[in-house]
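Whenever a hint applies, use it, and build me the whole structure from the sequences.
From first to last, the protein sequence lines are chains E and F. Quick note on numbering: the first sequence equals residues 1129 to 1369 in the working numbering. Quick note on numbering: the second sequence equals residues 3 to 268 in the working numbering.
To be clear, the hints were calculated from the coordinates, so they are not data collected in a lab. Zero decoy hints are in this set.
Only some residues are given here: those of chain E computed to face chain F with a beta carbon under 8 Å: (1) Asp1131; (2) Phe1138; (3) Gln1204; (4) Asp1209; (5) Leu1210.
Heads up, the beta-carbon is just placed ideally off N, CA and C, and yes, glycines get one too.
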Amino acid sequence: MNDPHIAKAFDRDLEAIQALVMKMGGLVEEAIREAAKSLKTRDTERAEKVRQGDRKIDELEDLINTQCAQLLAIRQPAATDLRTVLTVMKIAGNLERIGDYAKNIAKRTEVLSHMQPIEGASSAIRRMSKEVEAMLSDALDSYIRRDATVGEDVRHRDLEVDQMYNALFREFLTFMMEDPRNITACMHLHFIAKNIERMGDHVTSIADQVIYLSTGQFPDDQRPKDNQSIYKVEGFEEADE
Amino acid sequence: MMKDNVENKVGVDAMNVKFSARDVQVYYGDNHAIKDVNVDILDKTVTAFIGPSGCGKSTFLRSLNRMNDTIPICRVEGDILLDGEDINAPQVDPVQLRAKVGMVFQKPNPFPKSIYDNIAYGPRIHGLARNKAELDEIVEKSLRRGAIWDEVKDRLDAPGTGLSGGQQQRLCIARAVATEPEVLLMDEPCSALDPIATAQVEELIDELKASYSVVIVTHSMQQAARVSQKTAFFHLGNLVEYDDTTTIFTNPRDTRTESYITGRIG
Ligand SMILES: Nc1ncnc2c1ncn2[C@@H]1O[C@H](COP(=O)(O)OP(=O)(O)O)[C@@H](O)[C@H]1O
Ligand SMILES: [Mg+2]
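If you want it as structure tokens, here you go:
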């Protein structure tokens, strides 16, 4: 449906809300990147910028919701137009949550900067965050192209993120058992890993919205789940969905 | 969750089918106004006909109660079955048919008579009442069904033409139901009404579907979405898409339907 509307203002409004979501997506990608970098380099100034930047992301979500509400009231969109508005609102919600997780990572980075570093942890977390950032970038690209196939790919990559989380979890557990003085730092690092794993779930939800937008249907199969995970830890099973 | 998008859902529920149209063509002289239309219209359901002006909605609607017979240059081909019976068969009396398949028009057209006589006219000519008491009963029942009884019960002798536009339209609906029809055809019944009167007529349509098969032609997408359970989209004389109203308005299959309902040039 690339034909223009008879009412040109309708096209402008729809484009405007989608542009806002893309702007929000750009800020969130940056927040993920900067939070992971600040953790790696123990850069509290950078972390503080991530915390400050979250306000802008929240404001954009409010703006998007307001504009969507106005568009629903004034234009009564149907079919693709309706799905565009619905998915924009949902995606803005997912992005806002991801932004919150990035902000939380930045907070913990500031605490961690005063502690003895845990060997290899920040690099592993950075790898994980890079994967999530790439998934987000691909999901948003596929949104613009209305490409449902990337959605499928993103859902699979989220599995790898879950596995990275499970591996890290096990590693932190080992560190903590080896030396209880590591416990505080490892707990913070664990929450950071968990935050990134949750980001992956929100990116998967964005991918589902792309599938809905382009096909009119949500993927009906459950997200593929890796039940044979070798990283399973008794009582702390793999990442929840 | 994934819903199967079956080919034009013709014959979804055979038990519930009121009208069956098979390969219907309508011509005005050389103008082929309705082309190869196949559709099953369900009982106790509101079906909306939508599409751009001149696409043949009214023409097809009129073919369902043989109103096209009154247009000399008009020719209808194909089969239109009402409860399995061909309505164009020689033994069918069009006047009887129209009592069974009532019609409400765009502009409310009460007779220049009293409110009472507007309703009593049909039952009288079809001999539905044996005496004045029975007729009174039919009039009251019809006006109640038309959701206008409370507004007119104290002035049944007043002329129907003195009512407001919205009241006149509900009077016409009451008149249409007075002959105990099974189907109500409505051609843009709200286009001359204000939003409040429109809402009242829509509410009435929603009540009527418990007893009748209702077919409504409307130019308002929102109205089609609000009142109907099935929607048929016509374009250049073709029935392009026929499906559940929710499907048509959230995920239509044909790009022509989508262009139309989303207000695109297409
Ligand atoms: N009484 C008539 N005589 C001749 N042509 C007609 C008549 N009514 C409709 N038509 C033609 O049939 C086509 C369909 O018209 P109509 O059924 O009124 O469309 P709609 O109700 O969708 O606006 C148009 O080309 C119109 O000009
Ligand atoms: Mg018409």
